[in-house]
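Participant: Residue strings, one per chain:
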Amino acid sequence: MNSPTRIIEVRQNVLKKNDVIARALRQRFHEAGVFVVSLVSSPGAGKTALLEKTLTLLGQRSRVAALVGDLATENDAERLARSQVPVKQIVTGTVCHLEAAMVQNALEGWTLDGLDFLFIENVGNLVCPSSYDLGEDLRLVLMSVTEGEDKPLKYPTIFNSADVTLITKIDLAEAVEFNAEAAKHSVQAVRPGMTVLNVSAKSGVGVKEFLGFLRSRRDHARAIAASQAADTFATPEK
Amino acid sequence: MHELSIALSIVDMAQEESSRRGDVAIRAVHLQLGLLSGVVKDALLASYEMACEHTALEGSRLIVEEVPVLVFCHNCNAKKPVHSLQSFCCTECGTFTGDVVQGREIFVVGLEVDK
Numbered sequence: 000m001n002s003p004t005r006i007i008e009v010r011q012n013v014l015k016k017n018d019v020i021a022r023a024l025r026q027r028f029h030e031a032g033v034f035v036v037s038l039v040s041s042p043g044a045g046k047t048a049l050l051e052k053t054l055t056l057l058g059q060r061s062r063v064a065a066l067v068g069d070l071a072t073e074n075d076a077e078r079l080a081r082s083q084v085p086v087k088q089i090v091t092g093t094v095c096h097l098e099a100a101m102v103q104n105a106l107e108g109w110t111l112d113g114l115d116f117l118f119i120e121n122v123g124n125l126v127c128p129s130s131y132d133l134g135e136d137l138r139l140v141l142m143s144v145t146e147g148e149d150k151p152l153k154y155p156t157i158f159n160s161a162d163v164t165l166i167t168k169i170d171l172a173e174a175v176e177f178n179a180e181a182a183k184h185s186v187q188a189v190r191p192g193m194t195v196l197n198v199s200a201k202s203g204v205g206v207k208e209f210l211g212f213l214r215s216r217r218d219h220a221r222a223i224a225a226s227q228a229a230d231t232f233a234t235p236e237k
Numbered sequence: 000m001h002e003l004s005i006a007l008s009i010v011d012m013a014q015e016e017s018s019r020r021g022d023v024a025i026r027a028v029h030l031q032l033g034l035l036s037g038v039v040k041d042a043l044l045a046s047y048e049m050a051c052e053h054t055a056l057e058g059s060r061l062i063v064e065e066v067p068v069l070v071f072c073h074n075c076n077a078k079k080p081v082h083s084l085q086s087f088c089c090t091e092c093g094t095f096t097g098d099v100v101q102g103r104e105i106f107v108v109g110l111e112v113d114k
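Same order as they appear, the protein sequences are chains W and C.
Numbering follows numbering that gives the first Met the number 0, in which position 116 of the first sequence is assigned residue number 115; successive positions increment by one, without gaps.
Numbering follows numbering that gives the first Met the number 0, in which position 5 of the second sequence is assigned residue number 4; successive positions increment by one, without gaps.
Watch out, some of these pointers could steer you wrong.
Here chain W is said to cover these stretches of chain C; the calculated rule only asks that three of the stretch's residues, wherever they fall, bring their Cβ under 8 Å from a Cβ of chain W [claimed, not checked]:
# : stretch
1 : 26 to 35
2 : 81 to 90
For lysine-lysine, the following DSS-like pairs were computed, each having C-alpha atoms within a straight-line distance of at most 27 Å [said to hold, decoys possible]:
#  : chain 1 : residue 1 : chain 2 : residue 2
3  : W       : LYS87     : W       : LYS183
4  : C       : LYS78     : C       : LYS40
5  : W       : LYS183    : W       : LYS16
6  : W       : LYS16     : C       : LYS114
7  : W       : LYS87     : C       : LYS40
8  : W       : LYS207    : W       : LYS52
9  : W       : LYS52     : W       : LYS201
10 : W       : LYS207    : W       : LYS87
11 : W       : LYS183    : W       : LYS207
12 : W       : LYS153    : C       : LYS78
13 : W       : LYS183    : C       : LYS78
14 : W       : LYS153    : C       : LYS114
15 : W       : LYS87     : W       : LYS52
16 : W       : LYS15     : C       : LYS78
17 : W       : LYS183    : W       : LYS153
What the hints contain is simulated information worked out from the structure, not anything from laboratory work.
Glycine included, each C-beta is placed from N, C-alpha and C at the ideal position.
Excised from the complex, chain W in its bound form (with noise of 0.2 Å):
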């Protein structure tokens, strides 16, 4: 028989953990100056092809360093040292997502004064990241054009939850005859108003404004992360 029983109301977000150490890691990165990119996407879509690039051309000018997860191997990690900027691997075991206290781990002995940007590649998967905050300031969702133009309407959760789509892999859309007006409508309609970026990491069509991109977003920041401080500043004591 059961036995009769009542109701005790609380309100607790099941992520909380997560969330905290995230909050935790952006003020960091904010006092450090650093601008965080994450990436996601289905695995093979191009994150570390695109990030190898990226950190090369960009590391040209700016300080970058990179954090990648994966659930087996440190091959990517390995791939990315060729860029010669720092670079750590953050193998996840079975766990088939990044979390904020993996970052968190990972980060651990390292100095973020003085980096301008520091990237994560989260482990390639459409459906867990979207639910884990890493501090980032903006995420990157990547599809390659060989994965078909509806990908934003099957996996809207992760598109949902990321700030720009760059569509990959783009030197190939011909052959696959890709249709770049149907990713586009696809995009926005999981996400009124999302920017879309073009790139081909392999040929470098798109790469300079995907970069260009990158530092008008990063010098944005910078620009209100200095106004917020002047206000405090600024501010009369009471």
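Dock chain C against chain W, hints included.
Facilitator: For chain C alone, coordinates are given in the frame of chain W:
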């Protein structure tokens, strides 16, 4: 499949709450789950059972209330439901908007305990 780690967090939270209240026995956990949370209800229910094994919550139920997505429609100047996850437009006037105000929550809202 991150539902198992979500389920483990729910069980941890419920156990902490129970011990704060003198180890009261928990029969059910009430959860609000946003449709944009990235968590699948059925996978979470299956994971919850596993997460409860060998804990004080073994045999308890997880009661999930799914929370629809609401956006702020600037045309209607009000919170409105979206047409669907594949079409983020106001059900009232059809204006597309990405201004999500509800639908990402994964909140424990109540614990059903013995009287």
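Participant: Taking only the CA atoms, is the gap from LYS87/W to LYS40/C under or equal to 27 Å?
Facilitator: 35 Å, violated
Participant: Is the straight-line distance between the alpha-carbon of LYS153/W and that of LYS78/C 27 Å or less?
Facilitator: The hint holds at about 25 Å.
Participant: Quickly compare the C-alpha distance for LYS15/W and LYS78/C to 27 Å and report which way the hint goes.
Facilitator: Since the Cα atoms of LYS15/W and LYS78/C sit roughly 25 Å apart, the hinted pair holds (cutoff 27 Å).
Participant: Given the hint that LYS183/W pairs with LYS153/W, does the C-alpha gap stay at or below 27 Å?
Facilitator: At roughly 14 Å apart (the allowed maximum being 27 Å), LYS153/W and LYS183/W satisfy the hint.
Participant: Hey, LYS16/W versus LYS114/C, does the alpha-carbon distance stay inside 27 Å?
Facilitator: 30 Å, violated
Participant: Starting from LYS207/W, check that the Cα of LYS87/W is at most 27 Å away, please.
Facilitator: 25 Å, holds
Participant: Has the stretch 26 to 35 of chain C got at least three residues whose CB is nearer than 8 Å to a CB belonging to chain W?
Facilitator: holds (count 5)
Participant: Under the criterion that the straight-line Cα-Cα distance not exceed 27 Å, is the pair LYS207/W, LYS52/W satisfied?
Facilitator: Judged against 27 Å, a Cα distance of about 11 Å means the pair holds.
Participant: Does LYS52/W sit within 27 Å of LYS87/W, going by the straight-line distance between their CA atoms?
Facilitator: 17 Å, holds
Participant: Has the given pair, LYS183/W with LYS16/W, been kept, meaning a C-alpha gap of at most 27 Å?
Facilitator: 35 Å, violated
Participant: Measure nothing beyond the straight line between the CA atoms of LYS183/W and LYS207/W; if it is 27 Å or shorter, mark the hint as holding.
Facilitator: 20 Å, holds
Participant: Quick one, are LYS153/W and LYS114/C close enough, alpha carbons at most 27 Å?
Facilitator: Between LYS153/W and LYS114/C the Cα gap is close to 45 Å, so the pair fails against 27 Å, i.e. violated.
In summary, the structure is inconsistent with hints 3, 5, 6, 7 and 14 from the numbered list given earlier, while agreeing with the others.
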